[in-house]
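Chain A is already provided as a structure; the job is to place chain B on it using the hints.
There are 2 protein chains.
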Amino acid sequence: MLNNFFNPGSIAVVGVSLEKEKLGNQILKNIINGGFEGDIFPVNKKATTSTYLNGLRVYPDLKEIPAKVDLCIVVVPAVYVIPVIEDCGEKGVSSAVVITAGFKETGKKGAELESKLAKIAKDLGVRILGPNVLGIIDTHSNLNASFAPTYPPSGNIAFISQSGALGCAILDQCRGEGVGLSKFISLGNKMDLDEVDFISYLKDDPQTKVILGYLENIGRGKEFIRVAKKVVKEKPIIMIKSGRSKAGRRAASSHTGALSGADEAYDVAFKEIGIIRAKTLTEAFEMARGFSFQPVPKGDKVLLLTNAGGAGIMATDACEDYSLNLTSLTEDSVKKLKEKLPPASSISNPLDILGDADPDRYRLALDTVLQDPNLDAIILLLTPQTTTNPEGVAKVIDELTKKKEKTILSCFMGGEMVNPAISILNKAKIPNYKEPEAAVRVLRNMINYRFIRERKEEKVEFFQVDKSDAERILKEEMKKGHFEVGGVNALRVMSAYGIPTVDNYLVRTPEEAVQVARKISGPVVMKIESPAIIHKSDIGGVKLNVSVDQVESSFNQIMENAERFLHGDDEIVGISIQPMLKEGKEVLIGAIRDVTFGYLIRFGLGGKYVELFRDFSTKLVPLTPSKVEEMIDETRIISRLLKGFRDEGPSDINLVRDSLLRLSRLVQDIPWIEEIEANPLVVWEKGGVIIDARIRIRKEG
Amino acid sequence: MLNNFFNPGSIAVVGVSLEKEKLGNQILKNIINGGFEGDIFPVNKKATTSTYLNGLRVYPDLKEIPAKVDLCIVVVPAVYVIPVIEDCGEKGVSSAVVITAGFKETGKKGAELESKLAKIAKDLGVRILGPNVLGIIDTHSNLNASFAPTYPPSGNIAFISQSGALGCAILDQCRGEGVGLSKFISLGNKMDLDEVDFISYLKDDPQTKVILGYLENIGRGKEFIRVAKKVVKEKPIIMIKSGRSKAGRRAASSHTGALSGADEAYDVAFKEIGIIRAKTLTEAFEMARGFSFQPVPKGDKVLLLTNAGGAGIMATDACEDYSLNLTSLTEDSVKKLKEKLPPASSISNPLDILGDADPDRYRLALDTVLQDPNLDAIILLLTPQTTTNPEGVAKVIDELTKKKEKTILSCFMGGEMVNPAISILNKAKIPNYKEPEAAVRVLRNMINYRFIRERKEEKVEFFQVDKSDAERILKEEMKKGHFEVGGVNALRVMSAYGIPTVDNYLVRTPEEAVQVARKISGPVVMKIESPAIIHKSDIGGVKLNVSVDQVESSFNQIMENAERFLHGDDEIVGISIQPMLKEGKEVLIGAIRDVTFGYLIRFGLGGKYVELFRDFSTKLVPLTPSKVEEMIDETRIISRLLKGFRDEGPSDINLVRDSLLRLSRLVQDIPWIEEIEANPLVVWEKGGVIIDARIRIRKEG
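Protein sequence lines correspond, in order, to chains A and B.
Residue numbers for the first sequence follow numbering that gives the first Met the number 0, beginning at 0 and rising by one.
Residue numbers for the second sequence follow numbering that gives the first Met the number 0, beginning at 0 and rising by one.
Warning: the hint list may mix true and false statements.
Note that identical chains are pooled: a pair holds if it fits in a single copy or bridges any two copies.
With a straight-line cut-off of 25 Å between C-alpha atoms, the simulated DSS-like cross-links for lysine-lysine are [what the hints assert, rightly or not]:
1. K108 / K337
2. K337 / K107
3. K428 / K402
4. K607 / K581
5. K685 / K607
6. K458 / K229
7. K202 / K229
8. K607 / K642
9. K234 / K208
10. K458 / K228
11. K270 / K208
12. K278 / K433
13. K202 / K232
14. K458 / K221
15. K62 / K28
Just so you know, these hints were derived from the structure itself, not from any lab.
Chain A extracted, bound-state conformation (with noise of 0.2 Å):
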């Protein structure tokens, strides 16, 4: 579908000038300059027969052009947008570049019109990139549809931007420093085609081995997981996501809601689709040009070799911080490079072979390690001391890597005495590094994508739920008027989804309280219950370990502090009183509603210092029993507790695991739910209970 994009058999230019040099006129020459090899057709209102621009005859009307357009550049003023795609429509041209700006980045107005075209667009069947983009490149079929000052140089990377301005210096970034791309793609305001079209596009695009992205929004947060999910099993996707500071934190009732911002909903996304974030252009560089240039590794294990000791340790120091595995040579491996080289040599890892190693002594010892078993990656390292010949030693590694059985990456450090060198590696496909941090980070990416490539996908599980009795008892409270419910009726709803809770009764009297007290035997604990008292114990509406004699006043003085806080209209529904538990790990449990990826669940540490802790993880819904298995092990202190710490046993996490599992299903189920939280939920060395939890509905659900 968005092949007439890449390769058009003919392009129409619809809004040259014919006096001055203006935008239009620039995109008509990139286009020719390009080397574009099919029909190219500038239009211009005031056009007659007799007019040419740049050796073309230019059309006064895109319906006049004699023959079939493929795509249509579009750069006329915006108030003349409609209009032209109009015309498309009418011509059949289905692909559209709108360049012109002036919509809805422009404020309110700007969007009516980008409405209004979107309409239109759609009902004549025209796909339209943009509009207020820099154009698009395709270097492989010679395509420069763009007002892109540099044109980059051929290869196997594809850019995806949705910032022209930061795409110009992309592209002249990627022209000094010889990255080949095979298409760069402006996204502008994505009226149409967005992100998830084109990266659907580019999985099954021969040219392209990675793709790259600046994105500073994803539109379509669930469709954008179900395709990208797929690419990434083809093909790296790395991407840069800005925008970071700008999340405001959302207003929440909940620890769950209390903990998100819209970044960590980005984060999580991208960690489950396996798409790699980089935190800036450089670093997406890095990462994009060991994709471009290297296999995948078929492992973990890594070697550094090294002609200087001080860049072997910070490659070292780098390994630990990316937990990058130095593994040992083979005893085999050992015994050659002792043979060969000098005794001052470290043998080991990092392999050292001193600084006056020339290419002769890089070649025996890569000769040898390449064709250890016991090796699935190397990074050569190497600094230029006197009697090094650093030209000399890429040659060596052109030479015997070609095969690339292994995944090579290199670090020559320094300036005019290793550029030449570099050159030479990069015309090899080695790609180079300036210092080891860059390139043990790369290769802790590439690692680490090998795994998400062979990751399989897990069924969602189902269990007996009543999802009617989950279902009526929100209604019920929505029909109050009740859009936070808590208490007795949230965790109604969370056992109707099989999650053990408390047992729980709700009391109006002093009187009935002492009732339910003596049935309880046991000292008890009571909480006020309102809809508009979120955290009770801060305004003293909670009382533990209160005894059968202790109750009645308890009641009291809850009411009474809780009265003290509540305003006019808000209402007592009255006091729960649940049993006092014996002590035992005081988990959270929670999902929120993400605007764009759609439910974030999470689990950790609960009880009342949550924020403090901050001891958690989150993921997408749905869960699956490994995704529960990481989210665990993804904490770092809540699952060392449950696992038995120190001298305590283990807790139940089966029955934690079962319960995300469910909470999954629940808000799979109900997707009204706005935000849901069970904290804590109390697990014992076998079994547990949620004691407290809440639900915000959503209001137009």
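Leaving out everything else, chain B in the frame of chain A:
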């Protein structure tokens, strides 16, 4: 004292070859080609009166040189180094650079030779740089006494490197990127002169504005702290300390120890001194260029000015990551900018002057903001778009920022299109960074340095303590062969220093236990007391909340558990009984001796789960009130718990402050303590006590 190393009037090179192009000859040539203006005397033992090399008379012996020699460069094989140094002594040459390798770095034999050399040099009063160095460079006195293959441009950054091989890469990189050095010093084995000597010298070197270092270890930690603290008041020190991963975790009996690694000590010391620690060479040079070119910011109010929205967003993200304060423009500036800039501009921070901004628009904007009294620093961002004129903008920046009242950094992004502009900026001493993240990181560190330089030294408080009592208790333990002191005696030591401890009674029989429990009246805590048992609760050696009638059976049970755990010789001192205290916040305070820097003192969340929460701050002894305040602020959890979280009131933080200061005094007074820890120190709303403590005594102490 070190002046002869950088500004010698004459140099001898001992160990040139008369036949082949060896290392000595290369150094000789480097000295000549570097433009050294003093006398140069090559030495080779086979020289006759008519032996010449590179036009210079060669002498057979240092003593034959008919003139004063200020600096001797030694390049003879390792076994001949000592005689050459003896000659130095005899001739009165007080400064020598020993290039020769083959000493400590090669193993035991080399180390012996090095000790011998050190002793002789010291006796003769010859100061030595080396052995095993690349040499020394001073670009201002045109001295290149090194065998480095690249000579760096002249500038105001001094570079000290413990790795010669990395030094080569760095010098080459400096040349490639036009980074100017004042001096380059290869430290080698640091047999005599080390980083302490050189940073001390560089403090007063008028040609040096910034000190940069690559270190793998620091030998004289306390000296280093003392000297470096003075140096950073004058000049920023930027350090890369590698070998982080080598740092094995020390075997330690307390949490304070177990949580420490050697690298942490460097982190703590650098932070306290005010040294900027760089993670990579790139980061180090980025920062050095900032300090080298620009004034230290007057404050922390930063503006981003950009022609690219995307670049502005990335910079804003980075500012949030590095807690940089994006300030508001004054009303006056806003008014002026509104008059001058196109209406679509975003007159905010970032100040976005749009993609078609030409040099004139940059001039209008920059001219206004440079006069804004509310700004201390500006980051100028640019991407090369269609009508951008990067060189023109660079010239405007050069012209307008000559006065250097505000700190100006730039981030011109791209490749070929911005490189000429970057050269202009470089000449104008505007440090340019490849991406916003880097510029922001540099500015953050420059602002930090402003605060470091303004920091005032604080007096250490003195307390009334009973040092002799503490010493007596510990010495008695040592007499018994106990080097791990726990329980009652550790508490008594703390108590001698005025830190409140729980009432603690040591009993040896069930009868005694019952008697004590009666006296306490109320439930008690019982703990085993044995030097062999460190983690008491892990072996069932602790019983909490024991009522008087349970004391006897608990006594027997603890004894049983302990005996099951202990081996033949291990001694049970008894059982300690304490009152069961009301709950409070559990704090850990401790100190451990670091071999390099002396005592590290730690404060954090205490209790049983210390290792899980890892919520602590570490500083060097001696503590001062403001350091204690920093420690508290640096913890994420316990600081907030102590200040009162949610419905809880504040705890007695003053008690914590006082206890930390007293602990600091304790380890200063008794320097044969290896490790000391109180955990928990239970803190209540008013008051608090240490419940358990341990002390490890240095065996050789």
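How would you label the pair K458, K229 (within, between, both, or neither) given a Cα cut-off of 25 Å?
For K458 and K229, the Cα distance is within 25 Å only inside one copy (16 Å; across copies 64 Å).
Is it within, between, both, or neither for K337 and K107, if the alpha carbons may be no more than 25 Å apart?
Answer is between; shortest inter-copy Cα gap is 21 Å, intra-copy 73 Å.
Is it within a copy, between copies, both, or neither that the alpha carbon of K458 lies no farther than 25 Å from that of K221?
So K458 and K221 pass the 25 Å test inside one copy only (18 Å; across, 60 Å).
How do K270 and K208 come out at 25 Å by Cα distance, when the copy is not named: within, between, both, or neither?
within (20 Å within a copy, 44 Å between copies)
First find the shortest C-alpha distance between K202 and K229 inside one copy, then the shortest across copies, and answer within, between, both or neither for a cut-off of 25 Å.
The answer is within: 8 Å in one copy meets 25 Å, while 59 Å across copies does not.
Cα distance capped at 25 Å. Does K234 pair with K208 within a copy, between copies, both, or neither?
Close inside one copy (6 Å), not across copies (48 Å); limit 25 Å.
Classify it for me, K428 with K402: is the Cα-Cα distance of at most 25 Å met within a copy, between copies, both or neither?
within (12 Å within a copy, 47 Å between copies)
How do K607 and K642 come out at 25 Å by Cα distance, when the copy is not named: within, between, both, or neither?
both (21 Å within a copy, 15 Å between copies)
With 25 Å as the alpha-carbon cut-off, assign the pair K607 and K581 to within, between, both or neither.
Both: 17 Å inside a chain and 19 Å across chains, each within 25 Å.
Is it within, between, both, or neither for K278 and K433, if the alpha carbons may be no more than 25 Å apart?
Result: close both inside a copy and across copies, 17 Å intra and 14 Å inter.
Pop the pair K202 and K232 into one bin, within, between, both or neither, using alpha-carbon distances up to 25 Å.
For K202 and K232, the Cα distance is within 25 Å only inside one copy (9 Å; across copies 57 Å).
Regarding K108 and K337, is the shortest C-alpha distance of 25 Å or less found within a copy, between copies, in both, or in neither?
between (75 Å within a copy, 21 Å between copies)
Violated hints are absent here; each numbered hint is respected by the structure.
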